[in-house]
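The whole structure should be built from the sequences, with the hints applied where relevant.
Protein chains in written order, with the working numbering: chain A, 157 to 412; chain B, 4 to 361.
Bear in mind the hints are in silico, worked out from the structure with no lab data behind them.
Keep in mind it's a predicted model, so treat the numbers as computed, not measured.
Some hints here could point you the wrong way.
These stretches of chain A come out as covered by chain B in the derived footprint (C-beta under 8 Å, 3 or more residues) [claimed, not checked]:
{"id": "1", "stretch": "273-284"}
{"id": "2", "stretch": "341-347"}
{"id": "3", "stretch": "356-365"}
{"id": "4", "stretch": "371-384"}
Just so you know, even glycine gets a beta-carbon here, dropped at the ideal spot from N, CA and C.
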Amino acid sequence: MFQYTLYSHYATIALYALALLASPLMRKRAAIAISAAFAGFTVQLALLIARWVSAGFLPVTGLFSTLHFLTIFAVGITLYFSIRYKATNLIPATMLVTLLALWKAGQGDMNLAPLTPALDTPLFFLHVSTSFAAYGLFEVGAIVALYRLIGFPASTSGMERRMLDECIYLGYILFSWCMIAGSLWAYLAWGSYWTWRIKGLWSTLLWFYYSGLIHVRNRPKWQNTPLNLLTIAGFGLVLFTFLGLGLLFETSHPLK
Amino acid sequence: MIDRNMKEPTTNPLTKIWDLFVSPSAFVILAILWCLDLGLGSILAYKRDPQFWMKMDSLPFSQWLERMAPAEWPGSLWVYILVALTWLMVASLLFCTVNWFFRRRKKIRGMGEFLVHLGFLLVFTGFVMGSGWGSRVQNISLFPGESTDIEELGLTLTLDELRVERDAAGNELDAVSEITLSELGGTKVDAGEAKLNSPLIYGSTVVYPNRSRPAPRDVIIDIEGKGVVKISAPDKKALEDGRTLEIINFLYPGQRMGKWNGPGVFLTLASVKGQSLFTSYLGFSNELRTAKFGDLKMTLMGVDTADQAIFNVHRDPGVQLVLYGALILTLGTFWALLGYLRRPSLLPAEVIEEDGED
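Shown next as structure tokens:
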């Protein structure tokens, strides 16, 4: 499994790099960029499924697995937007962020770690899958917001506003499920649905931040620049809550 | 399309205050302040003392605020600010929900959002109840067959059986406890298995196993001139002259406490009246194997260990409300999601009223 993981990891990087390199010529070679991104996505998905079958549980602990899991959602959402809203211009930015994430993932342990007994619950699957799906949406939302901020079209059909709204709204709903599943799990594991730990606090912070954002996303006064900046800052909070805390602090969700 | 210029200007100050409270902008500003306070406060608290959180989790929140937060001052300032901002946010949320209910109750499409708000308010109410009237008793150590009275909760906890499941390397995977809960000295109220991710839940009381550990059950001591005695934890060993010996602590292999290294035991010699006379540490290294307890010279001959389960028992009178709130919140998100997916297209931002449907 280690060799397969290693080869798949580098194959994914190569395919996403090809998608990134092909994208400056997007008008002429859009098919190359989309095909390379889709191939990389398929390799990643196959790797996830193989590791899942091999381990017997969803392998999303540690730096390598979690960053791969996050990028699967981010690339998947970008491909969906590319097809549905003709937003192929999102591909280069998503590929750039994904390549950075995969470079960092390569510094983590690629071996499958045995399942920690505390993680042996269906709530773990619910908690992490909704969490990373939400993170993926927040990431793509931040990319769309950045395009809007610099005035570069993300979609040839002019659907930036809709994509941004979908990322924030659906991301918020998924993150709410993540918080509920996590709290229920904490209640069963530690006898309390709420603990004063830095990871839980920052996750709640993220939830409240996006609660605020979701309240203003359709308000006239908060449109354009404020909304774009808030969305980009939101992804900054996601990065710190997920990576910053996991790498720099002793938390209940370690990545070291 | 609504022409916003057609709205009549509000002159009633009460209406103005009400509009301010139910304004989403007010909620957002409070949410941003809340995030700034929590973000900075939590990082500074962690940097100052990584064990800060353990202390907060050892008590229900309002009890921590009352008993321990003053001692942490000014390190606890951010928590006080957080409490104030949370109450303001919840008030804003409550007013928004009431406003929505009276102004837009005929629009079923917004019911999802209403349920989300209602669910959150129930969760918050449950949290306040648990913080104010909850109890936490932690680190209760029991050997199989032992019982302990938990006066604070009016319960007796008995460990009937303990099975420690280990992997091939001997690492603990899970500690499965068969436990019984009774009223103090009385009727059995609940019994069952408690293990990782599956605690024993009796109403608002949760008994969950924290972990298990090998602990000294029998310590064998040679008392010079008086022979060999065996002390079985947690009982006291009565000596011939009426004085007693008791195990008060145990250091595990590799564990350190001050100048002492584990493995070893702390023993206390008490008078006939139960007054502590001497406490000393006996270990397995040559220099720590023998110690004097007044006129008695004792040598550690051996320690027999047995697995001991450690439990935390929490009572949270608001937990049912929290669970119902979470359920309503979840239903609300599903309702909102279905409504969102069925929308043909997004409304342009210009047509959303300031007191709108979020």
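Do the hints match the structure? See the list:
1. 273-284: With 5 residues in contact (Cβ-Cβ under 8 Å with chain B), the coverage given for the stretch 273-284 of chain A holds.
2. 341-347: holds (count 6)
3. 356-365: holds (count 6)
4. 371-384: holds (count 8)
The structure fails none of the hints (numbered hints given earlier).
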